[in-house]
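Colleague: Using the sequences provided together with the hints, build the complete structure.
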Amino acid sequence: MKNYLKALAKIFLVLLAYFISQALIMTLFAAIGGAGAEGDIQAAMNDFLAQKASLISLLNNLLVVAVILVFYFKKQSVRAMMAIAPLPGGEYLWCALCAAASSIAVSLLLTLLPIPDHIMSSYNDSVAASSGGTFAEHFIAAAVLAPIAEELLFRGLIYGTLRRVLKWPAAILVSCAIFGLMHGQLLWVIYAFLMGVALTLIYDKYRTLLASMAFHIAFNITGSFILPAFGDGLPMLPLLLVMCLGLWYSVRHIKVYNTKA
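So the working numbering is basically just the index in the sequence shown, starting at one, shifted up by 11.
This list has only true hints and no planted wrong ones.
As a list, the in silico DSSO-like pairs of lysine-lysine whose alpha-carbon atoms are at most 30 Å apart:
#, residue 1, residue 2
1, K85, K13
2, K21, K86
3, K86, K17
4, K266, K216
5, K17, K178
6, K85, K17
7, K216, K178
8, K178, K266
9, K216, K85
10, K178, K21
11, K13, K86
12, K216, K21
13, K178, K85
14, K85, K21
15, K216, K86
16, K178, K13
17, K216, K17
18, K178, K86
In short, the hints are calculated from the structure, not lab data.
Modeller: Quick look at the structure:
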């Protein structure tokens, strides 16, 4: 029981630090947006935060990465908790292929499932709200820093902590539930939970966060940049074919990786 409580306390403190850093950065940007504003200061602050959403995310995730890596290199206990080791170059491509196919699957499901309009509208609003800023800011924030920060935080610290006190399935479910809930919007919560399971399995299979980072980066690039660039111009059949072949070949390869190593 003592070990469980210590693990929960560590996770609570990690998440608290994450939320505090996010709140401080948002407060700073809100103050900048409200400074010198005429009329409705609150509206000016909200507009400025919306315009700088990607930059805020970028800075917050950069801070998360920097802090975790400082602890990783300074503390043996943190290094023992998470594995960061290089892979053969081809393995990153297999992880990326699996992620791209998975992202296509999510996109198809969002299109084909009878999701209520108000939930879909809320999802689209959340996507739009998170992408304010320049393309470069949005790309670095969503496709690079967010995946790296989230893998270090959720698969590294949180899953690593839970794995020491819980059995493997329970550690996956709890860490992925936290990962899903952190995304807020209902559809994001659901597919972030499922994606978290996939990311944790990738991490456990390769025994390095670099594998789950590669998967996460490719997933976000495909879902947030490549597919939206085509709009509704991509026909369904080729997408299904790419998805099925991508998942089939990549999962088969990843499944036997350790026996080949």
